[in-house]
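Just so you know, the protein sequences line up as chains A and B, in that order.
The numbering used here applies: residue 1 is where the first sequence begins, and numbers increase by one.
The numbering used here applies: residue 296 is where the second sequence begins, and numbers increase by one.
Label pairs and their calculated CB-CB ranges:
hint: 1; chain 1: B; residue 1: Ala320; chain 2: A; residue 2: Asp142; range: 28 to 38 Å
hint: 2; chain 1: B; residue 1: Ala405; chain 2: A; residue 2: Leu243; range: 46 to 56 Å
hint: 3; chain 1: B; residue 1: Asp386; chain 2: A; residue 2: Arg143; range: 48 to 58 Å
hint: 4; chain 1: B; residue 1: Ala556; chain 2: A; residue 2: Pro79; range: 24 to 34 Å
Quick caveat, the hints were computed from the structure, so don't treat them as lab data.
Idealized CB from N, CA, C, for every residue including glycine.
2 protein chains.
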Amino acid sequence: MPLFERVTIVGVGLIGGSLGMALRARGLAREVVGVARAPETIVTARDRGAIDRGTVDPAFGVGGAELVVLATPPALVVPMARRVLPHLGRDAILTDVASVKAEIVRSVEALAPPGAAAFVGGHPMAGTEGRGIGAAAATLFDRAVYLLTPTERTPRGAVERMSALVRALGAVPVEMEPGEHDQAVARVSHLPYLIAAALMGVAQPGTPAAGAAGPAFLGATRVAGSPVELWAEICRLNRDAILSALGVFREELARFEGALASGTRFDALLETARQARLRLADARPAPGPAAGHTS
Amino acid sequence: MPLFERVTIVGVGLIGGSLGMALRARGLAREVVGVARAPETIVTARDRGAIDRGTVDPAFGVGGAELVVLATPPALVVPMARRVLPHLGRDAILTDVASVKAEIVRSVEALAPPGAAAFVGGHPMAGTEGRGIGAAAATLFDRAVYLLTPTERTPRGAVERMSALVRALGAVPVEMEPGEHDQAVARVSHLPYLIAAALMGVAQPGTPAAGAAGPAFLGATRVAGSPVELWAEICRLNRDAILSALGVFREELARFEGALASGTRFDALLETARQARLRLADARPAPGPAAGHTS
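Bound-form chain A, shown alone (with noise of 0.2 Å):
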C-alpha cells in the first residue's frame, strides 16, 4: 500500500533519481514527480524507472505533493525550499538528502511561516563514486542508516511518516539534533574523505611508494577519486565541525604514533581499535565483499 499519493523529487541525479526508484520498484507512492533543471534528465529518469512523470519548474511540480523531497546539491536547498513552499499544502512534508543540516534546518525553519508544510531534515548514508541519474539505483538504500534531524518545531506526525518511509525504503532510520548530525558526520564521512585526500600526498606519482601501491591503499584513497566539486561544497558548508573532528583525529593518531615509539600499549591500542571496528560491523552490515589488505 502507497504511504503517499504522491511525492515530488527535484533534482533526479544520484541520490533523487535512486529514491524515485526505490519508491516505484516498492510501490510507496502512488506517483512519482521529478524536476530537473535539463528536459533530457527528465526523459533519462523516466526512461530508467525513477518517475512517473516531469517538468522543469519546481512550483508546478511540487503542486499537490505529500511530500517534496529536495534533493539537490547542498547549498541549492535553502534557495529551493524558498521557492516550492507557497505552493505546498500545509499537510504535506518537506524533506532533502543534504549532508550538512544544522544551517539548512535553521534556514528553512525560518523562511516556514506558522502553519506552512513541515519541514523534516534528511540525510541518508548511501552513494557511490557515480554521479548522476546514470548512476542511480532502486537498491541503494537498502539496510542504509537514514538521518533525520527533527527539530522541537518538527510536529511529530510528519517525523513520523518520514521514519515509516525510510523502514519502508529498507533503510534505518536515525534521529538526531541537526548540530549534533554535522559533527557526527564530519568524524565518519567528511573527515575521511579529506584523509584519502591527503593520503594521495604520500604517494606521489613516479615515486617508490606509488609503485608499490597495491589494493590496500587504493581502497584507503578511493574516495578521493570522487568529483571535487560537491565535496569542496560540503567541506566549506561543515567546515567547523571538520576542523574540530580533524583536531579529535590529530590527537589519536599521535596516540598511536607514541604508542609505536615508545614501545608501549602499541598492540593493546590496536586491539581497542579492532574491537571498536568488529562491533561497529556488527552493527551496520556493510553491503559488498571486503577488499584486500594485508600487503
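Assemble chain B onto chain A, guided by the hints.
Just chain B now, with coordinates in the frame of chain A:
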C-alpha cells in the same frame, strides 16, 4: 611448461597457501611441497590443492627444491632461513614474502656463505582480511604488484627467474632496493593501517558518530578490524620508516586543514589529490567493485 621442478613453501597460510594453489593451477611447478608446524594444516593444504605433499620438518621439506618460499610471519623468516639454508643446493633460490625487507635481507645475506643458494627478497602486495589456509585462493596474485628486493649480492639470474615466476602468476614484478621498499610500504600499507585504527577513535561506540557511520566509514576503517598480532609485528619491524611516513602524512593533512580553514586553494588541493588517485587507479586496476562513499 613448469618453471621449476620442485617448489617448497614453508608456511602454508593465506599467502603461502595461495601461492601453492596458483603454482599448481597454472602448472608452474612439477611438485609443490608444503612445510607447516601443524600436521592438520598439511592435510587441509593438500585437500585445498595448495600442495602435493607436506611435512612438519623444514630441513627435510626443502631437500631437492629449486625454489624455497619462506611464507612465515616476518619475525620467523631469518630463523627459518638459518635452518634451511644448509640444506639447499647452490643453484636453488630462496625467497620470502614478508612486508618488511631491509633487516631481513641484511640478516639472510649475512647467513649465506658465498656459493650458497641465492636469496631474493619478495613481497606480494596482495592479501585479504582472512588468515590461514582457509582463506587462501589461487587468484590472490592476479594483477597484484609483487615487489622484489635484490641487492648487489643477488645473482641476476635468480632475480630473472623470480620475475618470470611473478609474471607467470599473473602478477607484476617491481624491483626495489630493500630500504626503499620499507619506506614505500610504510607509506602505502603500514601508514594506512595506523590511520584506520586511529580513525576508530573519532567514532567511539555509543556516540552519534558511531550511529551515523555508513559504508564510507566502514570502508575507511576496514583494515583496522584485522588480527592485531601480525600488524603489530610488522609495525615494530618497520617502525622508523612508519614514523617517517607519519610525519609526511601529518604535513599533508595540515596543508588540507590550512586550506579549508583559510578558504585558500582548497579546491585546487582536492583536485590535485583526485588526479593523482585517478592516475594510480589507471596504473593499478583494483579488483572488485567500487565501494560506496559520498555520504
